[in-house]
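Student: If you read the sequences in order, they're chains A and B.
Letter by letter, the first sequence follows residues 2 to 298 in the numbering used here.
Letter by letter, the second sequence follows residues 18 to 271 in the numbering used here.
Watch out, some of these pointers could steer you wrong.
Stated by the list, open to error - For lysine-lysine, the following DSSO-like pairs were computed, each having C-alpha atoms within a straight-line distance of at most 27 angstroms:
1. A/Lys99 to B/Lys44
2. B/Lys238 to A/Lys15
3. A/Lys101 to B/Lys85
4. B/Lys171 to A/Lys13
5. A/Lys160 to A/Lys140
6. B/Lys171 to A/Lys101
7. B/Lys266 to A/Lys99
8. B/Lys90 to B/Lys44
9. A/Lys101 to B/Lys44
To be verified - Which residues of chain A face chain B? A partial, calculated answer using Cβ under 7 angstroms:
10. Thr14
11. Cys42
12. Arg62
Rather than coming from a laboratory, the hints here were simulated on the basis of the structure.
For each residue, glycine too, the CB sits at the ideal point set by N, CA and C.
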Amino acid sequence: MKIGYYPGCTLKTKARNLEESALAALKVLGVEAVELPRWNCCGAVYSLADDDLIHLIAPVRDLIRARESGHDTLLTLCSMCYNTLARANDIMKNDAEKAKTINMFMDEEPDYDGSVKVVHMLDFMRDQYGWDKLKEKVKVPLNGFKVGPYYGCTLLRPKEVALDKVDRPIIFREFMETLGAEVIDYPMATQCCGSYQVLGAPDITLKISHDIIRDALAHGAEALALTCPLCDFNLGKRQDLMIGKFDGAKDMPAFYFTQLLAVALGLPVEACHFDLNRSSALGILKQKGLIKEASAA
Amino acid sequence: MSSTTDAATGVKPQVAAKMIPIFVMGKKYEVPDSLTIMKAIEYAGYKYIRGCGCRGGVCGACSTVYRKPGDYKIYTGLACQTVVEPNMYLTQLPFYPAIRATYNFEDLQGRPEEIYELYPEVFRCVACNACTKVCPMDVQVMDYIAAIKRGDIKAAAEISFDCIQCGLCASRCFAETPQYHIAQLARRLNGAYLTPRAEHLATMVANIEAGRYKTGLEELKAMNAETLRKTYQERELEPATAGDDWTPKDTRYL
């Protein structure tokens with residue numbers, strides 16, 4: 002199985018643990034993810050102003066690159082890249098007037114009609130690879146590991162690009178269950194982590210992020226599974242600021258979903274780049290006996 | 018041999034150049050159609066004091082922007098390399114203000130974050146591609162900015178290799194970034210910190226510093242001109258057909 006792949010900028014630097022674990026896992030699953038030979042930043046944030054077409058240029062250009070490379074489907078790992086690309090694609094497919102303006106502006110590129118399908122690793126696994134087939138490949142089931150999947154905003158909103166039912170999603174539960182984990186549902190799994198508001202309102206964002214972690218802890222989660230580098234910044238890296246500031250705040254290991262996939266597939270721990278996670282991430286995997294002690298050292 | 022060549026002198030007769038109209042800063046001039054923009058402007062009576070560097074297409078000093086009748090596109094070229102076309106409306110853009118960050122190169126390590134700190138405006142790029150379209154050297158400017166945004170300094174250095182620092186990219190930038198200065202920093206970082214060191218060079222330098230070739234050099238310096246000439250003429254040369262295992266008879270300096 003071969004599929005076009007859009008990495009996203011952060012996955013090449015601060016979130017290498019998201020990309021490298023995913024690519025290692027896909028290889029084992031027999032999926033050849035072909036990185037686009039040319040790509041630019043997707044824009045990261047979808048502009049909500051209805052007439053702000055200039056910020057659609059970047060994602061549409063990436064979609065044109067996918068089309069030029071002969072791909073019908075474009076795979077993403079980062080949920081923000083997914084959202085930005087999928088929404089831009091939706092405009093090009095369904096809004097003829099905007100599509101015309103954008104195509105006229107990009108007169109150095111071939112016209113684009115929204116014909117590439119943008120998918121995220123999660124719906125790719127569900128719809129194209131299949132949970133049953135994935136289950137057969139699991140070598141180290143995450144049995145007894147209580148994981149709280151965190152959806153955040155961009156996998157589910159708006160409904161035009163939602164991977165699942167917006168109000169009661171189960172796709173992340175299904176993914177983690179396929180890997181053998183004990184999945185913990187918690188009400189705040191689809192609340193916003195604060196996203197890029199962390200830049201302008203760091204204190205408020207810290208409180209919002211902490212509320213999500215506290216909710217997951219209260220429902221029994223031992224770790225969070227994430228799909229987005231910005232969520233990881235707010236819910237993972239900023240935990241150091243929460244501990245000591247909020248009553249009852251304690252360390253919560255945070256993983257990218259692809260790292261847990263790689264672990265379940267029995268891949269060597271080096272494939273996961275755990276040095277970019279909180280140190281507690283590697284700790285809990287050892288504690289649960291999911292990775293080899295020697296390999297982790 | 019062309020039939021138009023004079024049989025006696027071998028000289029081709031001068032063909033009278035066709036005169037064509039061009040517009041320099043909005044004013045019309047009739048110029049020979051075979052001239053470059055730079056020569057045409059001089060033909061029209063202007064004198065370059067600055068804004069014409071090498072006249073060989075590499076210095077980036079004579080960037081020119083022009084339009085053609087009935088065409089909305091912006092065209093660019095180096096005045097010293099581009100031949101005039103009828104009715105081109107042109108202006109010279111020898112310099113475009115762009116802020117170049119100040120840094121102490123010794124303090125840098127070749128990390129992408131160092132570029133982000135010096136040029137935070139790089140993240141204002143919206144991939145409009147105006148920079149690439151205007152580049153007279155056909156550098157994929159937007160692609161190297163994209164590479165920098167994802168931390169790939171090596172790719173940025175390679176993609177921007179043909180840049181002549183003319184600054185036209187910066188003149189068109191929607192995000193107001195000085196692309197060419199950023200690319201220069203990327204190339205410097207790539208050359209100094211990201212490209213593997215040549216180990217044999219380090220060994221050679223160490224050998225020189227340890228005085229390995231000192232005796233030989235002193236011997237040569239002590240010779241009179243005649244002996245030096247003789248020594249040079251009788252030196253042992255590696256035969257053209259020598260294999261990789263060839264060694265000279267004098268092995269003192271190997």
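Student: Kindly indicate which numbered hints from before are broken by the structure, ordering the numbers from low to high.
Tutor: Hints 1, 2, 5, 6, 7, 9 are the ones this structure does not satisfy, whereas the remaining hints hold.
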